[in-house]
Amino acid sequence: MRPWLAAAAALLALALYAAVARAAPGGRVAYVATDPADSLFLEDGLRHGLPPGPVLGLGGVLRAPRLPRLVAALDPNWGPGEELEALNAFERLVNHVLGGGVLVAGLNGAVAANLTLARLGSPLPPVGRAACAPAPPGYDFRRYGCLPRPPGARTVALSDGMVAYVLRLGDGWLVVLPYNLVWAYLDTRSPVYLEAAREALLLAEKLPSANPLPGEVAAAAAIAAAVAVSVSSSSSQRRRGRGARGAPAAPAAASPMWARVGRDEALSHPVRRRIYSLVAERGALGFNELWRELGVAKATVAWHLSVLERLGLLSTVRYRRYLLAYLPGPRGAAALFSALSSRDPAFCLLVGEALRGAGLEEAARRLRVRPRALEGIYRLVAAYPEEAAEACRVGE
Amino acid sequence: MSRLGLVAAAAAAAAAVLIAAPPLLGSGLPSFSRGVFHTATIGYYLETAVLLGHDGWWTRCWCSGFQDLVRFYPPLGNLLLAAVLRVTGSAGAASAAGMAAALAVLAAGVSMAAVEAAGPAAVPVALLSVLAAEAWVSTAAVYWEYTRLLGDGLALAALALLLRTLRLGGSRDAAKAGALAGLVVLTSLISAVWLAAAAAAVFLYTAREAARRAPYALPGLARLAAVYVAAAAAVSAWWLVPAAAPWGLGHYLRAGASLSEKLRVLSYSLSLSPPLWAPALQAPLLAAVAAALISSRRLGPAAWAAAAVAAAVLLYGQGLRLLPPLGVLLVLASLSSLEATPPARRRVLLALLAAVLVLYAARYYPTYSGLLRGDHSFLASDEYRAASWLEALARRGLHVRVYAMYGPRLHGNQWLNVFAPDVEQTLSGFMEGCLDARVFRLDYLVKDSLDYSSVYRLLRETCTGYLLVDRQWLRERPLNVVVLLERRGLVEPVAAVNRVLRYSSLYRVAGVGCGGESEKVEAVFWTPARVAGVAASLVAALVLRRLLAGEEAVERGVGRG
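Order-wise, the sequence lines are chains Z and B.
If you're matching positions, the first sequence starts at 1 in our numbering and goes up one per residue.
If you're matching positions, the second sequence starts at 1 in our numbering and goes up one per residue.
In case anyone wonders, no lab produced these hints; they're calculated from the structure.
Treat each hint with caution, since some may be false.
[Claimed, not checked] For each label pair, taking beta carbons as the anchor points, the in silico distance ranges come out as:
id	chain 1	residue 1	chain 2	residue 2	range
1	Z	Pro125	B	Leu315	44 to 50 angstroms
2	Z	Val156	B	Ser453	58 to 64 angstroms
3	B	Arg502	Z	Pro137	34 to 40 angstroms
[What the hints assert, rightly or not] Some, not all, of what chain Z presents toward chain B, calculated at C-beta under 7 angstroms:
id	residue
4	Pro36
5	Val271
6	Thr300
7	Trp303
Every residue gets a Cβ at the ideal spot worked out from N, C-alpha and C, and that includes glycine.
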């Protein structure tokens, strides 16, 4: 694939990921509501100018695969038996904040979040029943309660004399409205509570992310790079594959595991060094001879021999029941043929058959062995006919 | 080492220092919100042991002493920490030094694995991948699990040695790789799980290659595998057998998340603001690298290892804990497949990958560096408050034990003795507790039965005068043993303490009042399982010696011929 096409694919992946990552469920804010009172407040609030967004119950918070950056839990409540669900839902919301989200919490939302926050070492102060923050006329502190300003929080003034506390948590923000908005609104129907919620949400939307680099940019870049690598490496492999077609298989480079091994490294092990020097010295050796020379387990000899063969330093071939090691190339083949012709007269019969052009099956039948036992040597003789003929003449 | 390798090593060391600096320079304990407190716990135990003037490794608050501690939790990390504590004399310093050492070993392990999988040029990228990989940084920062970092570092080094052995090594190299794998078992069981999967995959890959090209080599490969396993067993069986045998491996594997839960966690990565432990990059990076690998025509052993670990993530109950090594194995496998790319383009692609990882680091480092800092939030914890109250009783000479639950929110038995060393626990400082079978039976009966009469009998037998239980656990089981005991007046809540506890409740057990040496729960060190473990190690060592004998002779130049 051409580089510009790879780049285009990478950009496409980037755009797709950005689109998926940004696709929050149905809006820029999600509301946590648990009972009809919350729903009523939200219905009126949306008419009053609250930004639209999906409404999630406690289970919804737990099940939603993604949450938008801004989540509002204005006054969630839970009944007996629902404590665990509430605890887990707010644990997720606190995690969401720590990871860069923004939670706008009313008094009950803050109390619920505090169950987790307390374990984070930054608990909010307990709810009081006395005046602890500026409030609009008619807000009954004794009836609705009030959350004092948490340590380290910034106080932001809202209209109608109300306030919000802004607290950084991890990468995100917790915006606390210290009032029981829903109850106060249901009792008084005063729009100041709707307005306070609207202003707090607008304020929350403008809070900057603690981390200058959005996670999705890093993720998209990673995808782009991986796609580019993928496209590029597969195309170059295709090219290499075309070039290699028809050529003899290179023993070492074929597997990624052995691609970088040099001759010195291959001979760094004493057993392999000894196998190589024995074969180089004698031209060709049977496996059992090697085993007797080395005095180690057969399995060990076999393993090291296979390493040398894989790296192209030695070759092996089966002849009848024997595994023979020899140096690769025509000189090695000549040495092997010479050794075989001196040890087994039948070998020259085989050479004669091969040079006559007889098939493997026919030669095997004449030598009374299975074709498979001669397959390797037959191919070798066919590859180096002159050396084979020479060895058998010398043998005669 | 090449110049590139030196630069990479320097970068790794600098990053290790950078990450370890906050706890090294700060004060307090790992923040109480963040799960595993292993480092501090061990440190404080050891400090306490020294202060109590016992023989150095023994304190009665461990119930069965240090041998009990090393029975369940793999001992290597603990011993490392103990050694540092001996030298420095400070638990805080030992804790921070343990973290720094773990990060250094991790960096070294990744370097070795990268060199084996993809050549020296890949080292910087692979190192970056580790240092930037949130999964690991969060393991350090969110959980303070230095033993897992140490285990993962050793496991990567063991995997690198195994790859080298299967390419060029012999039996002695396999023995070294196996011994290192044994050390992994002795350091972190989670790391051992993924190493086992990866090593099996690498052996299978090599067997497949051998079967294609040189079938006669298969017995040799089997012998190498035997040497590897024997070496690993010789190093680790003495600990692993007594740790696993009495309760079966299922005891350790049962905890974990379902497959749907795992997929849900991965889906967090698509969130704009994911939780700290599930970063935005995790799933896309894994998916993209896997896609790149799939498109590659020839997969090397690193890709096989990554595939095996991916399967382990899905099949193993606690598979989510394997995501950090999976990410790095995928990166290594991807780099390994780059070898088919022409050199000029490869350089560009490596630079591109490195740039991505730098972006990744820039995104996540500020978040996690802030977390890896001690604080004093433990002062507000139930564990601390309950421990302080119980310690005051112990100082007044009340010789009863407390059953402190390890529950969903309360980690009582892990922490109680950190704050109050003189309080005797029925369960020891660690979940698996004493070797006395009655204690395990008691724990089982409290948590999983309604047999209150047996519980009460065991409470009396083990001199357990207080129960500290998790309130969430109580809520989740409206009918439980504690409620039944309370209804019958056999336990009563301790109101004075419960007023200040937030996620746990303390109960006093009626009619328990004992003390003195005769009523002590005795620990037995030489249990049949421990004897079997030591025997297994010895047998494995003998088998290993026999397997290595011939090759050693060749190295000495004493072949038969």
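To see whether the hints hold, each was checked on the structure:
1. At about 47 angstroms, the CB distance of Pro125/Z to Leu315/B agrees with the hint of 44 to 50 angstroms.
2. At roughly 60 angstroms, the beta carbons of Val156/Z and Ser453/B sit within the given window of 58 to 64 angstroms.
3. The hinted window of 34 to 40 angstroms between Arg502/B and Pro137/Z holds, with their beta carbons roughly 36 angstroms apart.
4. Hint status for Pro36/Z: violated, given a least beta-carbon distance of 26 angstroms to chain B, over 7 angstroms.
5. Proximity of Val271/Z to chain B holds as hinted, the smallest CB-CB distance being about 5 angstroms (cut-off 7 angstroms).
6. The restraint placing Thr300/Z at the interface with chain B holds, with a minimum CB-CB distance near 6 angstroms, inside the 7 angstroms limit.
7. Against a cut-off of 7 angstroms between C-beta atoms, the interface hint on Trp303/Z holds, since the closest Cβ of chain B lies about 3 angstroms away.
In summary, the one numbered hint that this structure violates is 4.
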